[in-house]
Amino acid sequence: MQTITCECGHSNPYGTSLCQACGKPLENDVEVLSSMRYEGSARRSQTYKKTIVDHIWNFFSSVRVGVWLIVIILVAAAIGTIFPQETFIPPNVDPASHYESEYGTLGLIYYLLGFHNLYGSWWFIILLGMLGLSIIIASLDRGIPLYKALKTQRVTRHDQFMKNQRLFSVSKEVEIEEVKYTLESLRYKVREENGNLFAEKGRFSRWGAYVNHVGLIIFLTGGMLRFFPGMYVDDVLWVREGEKASIPGTKSDEGQYYLENNEFILEMYDKEEKKFNSALSSVDGEVAKNYQSNVTLYKTEPNHTIGEEPELIKVKDGEIRVNEPFKFDSFALYQTDFKLNEFNKMSFELEEKSTGKKFGKLTVDLHEPEKKYDLGNGYRVEIEEYFPNFILNEQKQPSTINNLPDNPAFVFSMYSPQTPKGEKAFVGIQKNIEAGENKFKMSFAGIETKDLTALTVRKDHTLWIIALGGIIFMIGVTQGLYWNYRRIWIKQNQEEVWAAAHTNKNWYGLKKDLEFLADKSNLMPLADKEVNSK
Amino acid sequence: MKKKRFWFRSALLAILVIAIGYTIYNSIYEDSGTYIKKGDKAPNFVLTDLNGNRVELEDYRGKGVFLNFWGTWCKPCEREMPYMQRQYETYKKQGVEILAVNVSETNVSVKNFADRYRLSFPIPMDKQREVTKAYGIGPIPTTILIDKNGKVVGRTSESLSEEKIISFMEKIKP
Amino acid sequence: MAQISSTLLYSAFMIYLFSTLFFAMSISDKKRSEAAHTKKWGKIGFISACIGFAAQLGYFITRWIASGHAPVSNLFEFTTFFGMMMVLAFIILYAIYRMNGLGVFAMPVALLVIAYASMFPRDISPLIPALQSDWLKIHVTTAALGEGILAISFVSGLIYLIRTVDQSVSTKKTKWLEVILYSLISIVGFIIVSMAFNGAGYEAKYEIMNEKNQAVEVVYEMPAIAGPANGAKLDDAFGPLFSTPSWMNGVDASKKLNTFIWSLLAGAILYGLLRLILRKRIAAALQPKVNMNSDLLDEISYRAVAIGFPIFTLGALVFAMIWAQQAWSRFWGWDPKEVWALITFLFYAAFLHLRLSRGWHGEKSAWLCVLGFWIITFNLIAVNLVLVGLHSYA
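Residue numbers (my numbering), protein chains in the order written: chain A, 1 to 534; chain B, 1001 to 1174; chain C, 2001 to 2394.
Isolated chain A, as found in the complex (with noise of 0.2 Å):
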């Protein structure tokens, strides 16, 4: 390896611009302010350019490379605001016309360029990976050179060094334990070598960039592994009041978990309340105050079967409301969305249409309807046809939309000892359609309804490592930009004492302290080369 000696003896790799031991610039020696921005060591990439391998990490080593990756990120993540991402655009609709119609030709321009799962798409995770790369590779360039120059400083430097200072003096006279006492009341660590003084302060804060660089890797790697299977769950149960389900994500073997909705509560601000009248007032509709749904938690016997009729244990009650959770295991259920008056069971009368006698009343239970309902005495009621949720469709045929009982119609046989081969009736609600001229009809005797909730279930095992990665990374900013790295230079040069100093940043803090310095001694207030050139 290519080394370049200093006059004071130091080795140091090729591409370093200042004498890891002494300072002096090995580059040239022409007055220039010196650039301290890693001590001038050689960033380690620049020193090998061989195979295709020290390319790509040199690639990657840039910052130059990093602030365009991350210029390119912001970009794209400012378009993908621009229209609503997949995921919030309304279920059911096809994307590829829901952007056009919506939105005209830019939203089908915006589909057809992927932009409407942008954040998902290939190239921005690719991007994304290729920041965590940047961030890896220029924080070991630099961090480590820059670890190994700061441990092996010399406290006397080398004269040139201390001359392409910002801040650089020249005095005469100087008490030199003076000079040391009142940097040490400072807070300074002093290093003392042949009557030359080296003090330093905040070196700590040095560390802070490769700190958050850390942290930030620590959380994408987090935010990758939620792509793994079984990391990550997130799905969402519906559950009639009164009614259980089992919770999805949880394994049958390990036993699975049940959840009963005992009650959906809903409740609004009172309008008439006094602190929030003239808000209240102003709003059409109501104002929400709570969601919350009340639960009772149970678990099967490990091995369950799937379907089969399970034994529940109960495990807790709990009450979930919106910004409060539940807890289980590592799983959450988040009160997210619900459904009010859901019909659950619709009763009928079976009528005289001359006499309005009445033969017997009937309880449809919406999610399974008999087939035939007796009402004795030779009187019964047979569902030829249900449609939970009736619509006519393209063939002006009676069918259903799904299998949710919102819009629930029959077709009823009705038959009674004056009809023995039946009657046949359409009955929906507020539709009653009769095929040929009936005697009976059913009449509509009441409705019962149920209310849903709805709840997210999520696991996610990688939130421990989001966390850690977020508290490193503030650590890490906090002690790089909250702290400075401040370092004074004194040496003796024969009757002259030559003073330097330097910080990373907070130049106006450091001026500080070197006045207040200038103050207790005899040293020269430093000189501000970058404000005198100007």
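Keep in mind that the hints were calculated from the coordinates and are not lab data.
Cβ coordinates follow ideal geometry from the N, Cα and C atoms, glycine included.
Each hint should be verified, as a subset may be incorrect.
Per the computed footprint, the stretches of chain B lying under chain A, defined by three or more beta-carbons under 8 Å from a beta-carbon of chain A, are [claimed, not checked]:
1. 1010 to 1023
2. 1043 to 1057
3. 1096 to 1106
Assemble the complex: chain A is given as a structure, and chains B and C must be docked to it using the hints.
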């Protein structure tokens, strides 16, 4: 030194590329998380069919099982039913069984439907959607192919043509 | 209590106004920048900023007591709080750097923000279930403080640009600088137009179909330039000159667009008048007034980012994620507001890298600070008003 550097860099890059690649793969087949997919063991279940008979998946071990999830209101399900019936008649003798699990509908509706299409294969009634949930069924129809060892060898949510059904039958024929 | 609260807010507003004037006195060049004069007026300005802040804090506390929840739950409350946090950020940075000129610009920007806030409905509104959480106050206040501090970096960057951009010739830079000043003036335009039409009691009614296909009445408080998409006018009021594109979401989308257009128009008129009076670019007219140390300005704008960035990240991303996990069962859902918080984060991350690793100091850095504030305001205003999402409560 140079060798070491090369291997270190190559290894790190490779790990990251594989991790990103696998993430993308999983994000494309996002359904794979909790759902039963190709290669898994088909979880056993017990249901009562339309005629009141107990149907347990494990009893079909040794046979290929064409496990279809459907509903009477779903048009694509309706389209593939006659094909399924016809191929059932052919392949039943060759050891392939069709289980057409109905997703949470009423006996009245399903009975009418089954009569209309003269369906003779068992129709297990998943009233509580227990099996539907355990198999992670999203859109219907979804067909899961189980081989004679009880292993899932295929899963699709498309509406099937008769040719497709035949090829599936051939695949799971013991 | 609610009455005391609004009185306090009004007083705070007036005190801020005076504080601005005092700071302006301190840098006025009539007395040839005597140190004593500058120091005296700077001190008075600073003290009045502190008193104003105390008054606004009083507003915040009394409103909290009156409503029973932290008053950061709708656009009025949040935007007011954001203004308050800007003042706090200014107080902190002034305490460090003692720069009077900063006050001359920071205080009016905070004033504009608070005045803008007061144009939204000011009623004390009840909390919907999603907002009933301690994280409401934790998340929103921290995010607002972060944004307030970042706003100071904008102010400082803006002064830097006014100070250093060469005004002797018309360049791209001078034009963009005018655009920035024009957009600030447009906020003034918005306030004037709102107050004028409000005072005149203007109203025009339209009937439109909402998402559920129900007919809803939309009341315009300003003459309609942009009418509702597929709306029917119910009276013989002015306009509309064109209808709002249908992809803009929500019942009030067209109203918001209309208000926006009016603000830009009013801003344009005000700007035009100013140009007529000054007979030169506004930045050129301001340049001799802002005779400040440009290095110090650069440092303040960077320092503000350095202080504000971690706070913003903590409030707008970390706390936001914790709350989202609790309320919506996922810590991240690519909701537009979330995405724009991420964009803000990425932007300032890029800024820090450019500055620390690539040496973007001075003018480049100042332009970035201005752009960063544009992103923050976009997230504050446009995302709530234009893009739909889970955060559009107000």
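**OP:** State the violated hints by number, sorted upward, taking the hints as numbered earlier in the document.
**Re:** none
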